[in-house]
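Colleague: Just so you know, the protein sequences line up as chains L and E, in that order.
Position one of the first sequence corresponds to residue 1 (my numbering), numbered consecutively onward.
Position one of the second sequence corresponds to residue 1001 (my numbering), numbered consecutively onward.
By construction, these hints were calculated from the structure, which means they are not laboratory data.
Even for Gly, the Cβ is constructed at its ideal location relative to N, Cα and C.
Certain hints may be false.
To be verified - The calculated SDA-like cross-link candidates involving lysine to any residue, where the alpha carbons are at most 25 Å apart (straight line), are: (1) E:K1101 with L:E64; (2) L:K294 with E:K1104; (3) E:K1144 with L:E189; (4) E:K1101 with L:A284; (5) E:K1123 with L:C57; (6) L:K280 with E:K1095; (7) E:K1104 with L:L75; (8) E:K1142 with L:E189; (9) E:K1142 with L:A284; (10) E:K1063 with L:A204; (11) E:K1128 with L:S264; (12) L:K294 with E:K1034; (13) E:K1144 with L:P298; (14) E:K1041 with L:A284; (15) E:K1144 with L:R299; (16) E:K1138 with L:S187; (17) E:K1104 with L:N277; (18) L:K62 with E:P1143; (19) E:K1142 with L:P160; (20) L:K62 with E:K1063; (21) L:K186 with E:K1144; (22) L:K231 with E:L1055; (23) E:K1048 with L:R192; (24) E:K1052 with L:T261; (25) E:K1048 with L:L75; (26) E:K1041 with L:R67; (27) E:K1095 with L:D65; (28) E:K1142 with L:R192; (29) L:K62 with E:E1042; (30) E:K1138 with L:L75; (31) E:K1101 with L:E189; (32) E:K1138 with L:G166; (33) E:K1144 with L:R192.
What the hints assert, rightly or not - Covered stretches of chain L (in silico footprint by chain E; criterion: 3 or more residues with CB under 8 Å from a CB of chain E, positions within the stretch not fixed): (34) 181-189; (35) 219-233; (36) 269-276.
Unchecked claim - The calculated label-pair distances, taken between Cβ atoms and stated as ranges, are: (37) L:Q63 with E:K1034: 45 to 53 Å; (38) E:T1023 with L:A91: 51 to 59 Å; (39) E:D1084 with L:G17: 33 to 41 Å; (40) E:Q1113 with L:D263: 52 to 60 Å.
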Amino acid sequence: MRLRSIVVLILALAFAGAVAFYVLTIPTLAVKAPLPARTADLANGETMFHIGGCASCHATPKQEDQRRLGGGLALATPFGTFMVPNISSDAKNGIGAWTEEAFVNAMLRGVGRNGEHLYPAFPYTSYQRMALDDVRDLFAFLKTLPAETTPSAPHQLPFPFNVRRGLGLWQLIYLDGRSFAPDPGKSAELNRGAYLVEGPGHCAECHSPRDLFGGIVTARRFAGGPDAEGKGWVPNITPHADGLAEWSAKDIAYLLESGLTRDSDSVGSTMADVVLNTAKLSPADRAAMAAYLKSLPPRPGKPPK
Amino acid sequence: MLRVIAGLAALAVGATVVLAQNTAAIKQRQDAMKALGAAAKEPSQMAKGEAKFDLAKVQASLKSIEATAIKGKTVFPDDSKGGDSAALPIAFTDKADLFAKFDKLAAAAKAAQAAIKDEASLKAEWTKVVSNCGGCHKVYRKPKS
């Protein structure tokens, strides 16, 4: 009798746990109903494409055309190897057959076309800050790019990271679903810079250390951290002595344009790809990003000796 | 015991390989990279508006970059892939691409000598030269830490 009640209790707890897991991990959507019709601004979509850095991961490897988004790059991280998907306009293997609503939910909530959670290697923790219209313009622009027929490869992840549903718990902690709110006390330039850096530019995703669960350590945001693929150290970009204290806003803007550092060395590694994108932004947008970085709270953070 | 001796022998061979690096070539390589950085400095300051435009200095920098880029193809001999160097092993296995990128840099520096005439054309054309640096450093240089 006693054994039976223990078994019943365990089963009840397991059931309650399963229900709680199910409820807590239900994907949340940014848009549920069809969006009203709208004429897309393709030039703005192209700007979002560049600042968003889509090509840095999604461009077909081993060729230089950033407009070919066939995917296939393998990202080796501590959680396993992520295989970057095809996001070209191909209807079968890309996003050509996606609805606009599905694309918006992927960008702003990390929810895939079939309602599944997407891995945050896709930086939706930053993209969630984007304005709805900017995401819609980006989608329209992506659809103008060539179709690539390479099928997307599955990720190679060990348990428990291969359980997508579990990402719902991760999102409870690291995804707040808030879009960017301009600070009325700051200039238009600083607000534009903040939007570009924090939202589509997703600079913090590499330039911050991550905790045990892969979330950004808030107190050390932008203070640099180890590269997620184990390739060295990503620099501190706050105006701290460990970071960009000695850099003028002009120096930062010029790096984003030319790839040259303040002492005329050139950036390499993944930042070289970032500069391919930021070089195509307007000078005003680069200046705004630089101004915002100079306005960040200085935070210590330098590579371990 | 035999295994230990074999192991020691392998270690000794390994150490010799490291020692036998062509340190002269590594030094030449580092000097070439420093020369490129030095040549890029003043025109970049002019493009940023931090230094006064000086066509003679820009032309001298561009000639230096062109010459150093051509020389770059001679400073990656196979016996210089170890040692104290930031060059990644792939720089020695994919030389066709590496050298094509040096040619591209030299061509860009040559084209800019004709195209840059004043401050406005410097601002427009200079990044077309220096944007080549990242293309190599992305692939062939160890990330800095």
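Colleague: Hint by hint, which ones does the structure fall short of?
Modeller: Going through the list in order, the structure violates hints 2, 3, 4, 5, 6, 7, 8, 9, 10, 12, 16, 19, 20, 21, 22, 25, 26, 28, 29, 31, 32, 33, 34, 37, 39 and 40 and respects the others.
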